[in-house]
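Enquirer: Residue-level listing of the chains:
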Amino acid sequence: MSTLHLLSHSPFTDTRLASCLRLLGPDDGVMLTGDAVYAGSDAQLTAPLQQATMRLYALREDVHARGLTPGAAVSVIDYPEFVELTLAYDKVNSWI
Amino acid sequence: MAKSMLIISRQAPWSGPGAREALDMALAGGAYDLPLAMLFLDDGVFQLVGAQQPAAVEQKNLGANLQALPLFGVDELYACALSLAQRGLDPATLALPALALDDQGLRELLAHHDLVVTL
Chain A
1 MSTLHLLSHS PFTDTRLASC LRLLGPDDGV MLTGDAVYAG SDAQLTAPLQ
51 QATMRLYALR EDVHARGLTP GAAVSVIDYP EFVELTLAYD KVNSWI
Chain B
97 MAKSMLIISR QAPWSGPGAR EALDMALAGG AYDLPLAMLF LDDGVFQLVG
147 AQQPAAVEQK NLGANLQALP LFGVDELYAC ALSLAQRGLD PATLALPALA
197 LDDQGLRELL AHHDLVVTL
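Each protein sequence line maps, in turn, to chains A and B. To convert, note that position 36 of the first sequence is 36 in the working numbering; the numbers rise steadily by one, no gaps. To convert, note that position 48 of the second sequence is 144 in the working numbering; the numbers rise steadily by one, no gaps.
The set of hints was computed from the structure by calculation and includes no laboratory data. A few of these clues could be false.
Just so you have them, the derived chain A footprint on chain B, three or more residues with Cβ under 8 Å [claimed, not checked]:
no.	segment
1	116-123
2	159-168
Beyond 10 Å from chain B on every Cβ pair, some chain A residues (computed) [unchecked claim]:
no.	residue
3	Met1
4	Ser19
5	Gly25
6	Gln44
7	Val76
8	Ala88
9	Asp90
For every residue, glycine included, the Cβ atom is placed at its ideal position computed from N, Cα and C.
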């Protein structure tokens with residue numbers, strides 16, 4: 001079953017993203033919100049995702065608020081698309 | 097049929113309420129015979145260290161509640177092998193019989209549960 005992983009902590013001060021990447025299944029997705037969007041500009045962090053069929057998303061409001069330009073691997077989506085995304089996966093895992 | 101749930105506990109035992117809340121959720125679910133599994137990940141593996149003395153920091157003992165998991169029907173206990181190794185913990189000396197899983201094992205565990213909660 002596919003899982004959408006929801007992250008909101010900066011990957012530079014916290015191990016959530018690193019652990020999440022180890023748990024990721026081939027059909028899983030990762031949604032970045034809050035300070036987790038800082039991961040989107042780091043090619044090293046997003047590289048494992050680009051190699052697989054997994055998908056990486058970032059919330060538009062949080063990206064714009066921080067003045068970021070995420071890499072090509074990141075799909076920037078708004079809140080309604082975020083809601084739709086949660087329905088496209090079998091389950092959602094929030095790394096709170 | 098009830099949906100299966102994986103509870104991922106990734107906080108150290110005395111750093112905040114996270115460890116106890118994950119455990120309370122597991123015990124409550126177990127009491128209602130829900131199909132549950134529990135995974136100790138990251139600092140969560142520190143909960144499995146034996147002979148802890150939380151009274152020294154004026155905390156209640158989490159260990160007693162952990163030991164109650166099998167009594168509440170929560171027999172599927174797993175620990176992340178890498179988290180254990182990084183923290184110098186030997187899977188053979190844990191206070192609970194948690195099965196150590198490598199990354200592939202973690203992915204399979206996550207994939208075959210209906211729901212997942214991380215605390």
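Enquirer: Against each hint, give a clear statement of whether it holds in the structure.
Expert: Each hint, compared with the structure:
Counting residues of the segment 116-123 of chain B whose CB falls under 8 Å from any CB of chain A gives 0; the rule of at least 3 is not met. Residues of the segment 159-168 of chain B with a Cβ under 8 Å from some Cβ of chain A number 0, which does not satisfy the need for three, so the listed coverage is violated. Remark: the non-interface label on Met1 (chain A) conflicts with the geometry, its nearest Cβ contact in chain B lying 6 Å away (cut-off 10 Å). Chain B draws Ser19 (chain A) into its interface by the beta-carbon criterion, the shortest separation being 6 Å against a cut-off of 10 Å.
Its closest Cβ contact with chain B, about 5 Å, brings Gly25 (chain A) to no more than 10 Å, contrary to its assignment away from the interface. Every CB of chain B lies more than 10 Å from the CB of Gln44 (chain A), the least distance being 18 Å, so the non-interface label holds. No Cβ of chain B comes within 10 Å of the Cβ of Val76 (chain A); the nearest lies about 24 Å off, and the non-interface call holds. Listed as outside the interface, Ala88 (chain A) is consistent with that label: its C-beta sits roughly 16 Å from the nearest C-beta of chain B, beyond the 10 Å cut-off.
A Cβ of chain B approaches the Cβ of Asp90 (chain A) within 10 Å, the least distance being about 8 Å, so the stated non-interface status is violated.
Figure legend: structure checked against the earlier numbered hints; hints not met, in rising order: 1, 2, 3, 4, 5, 9.
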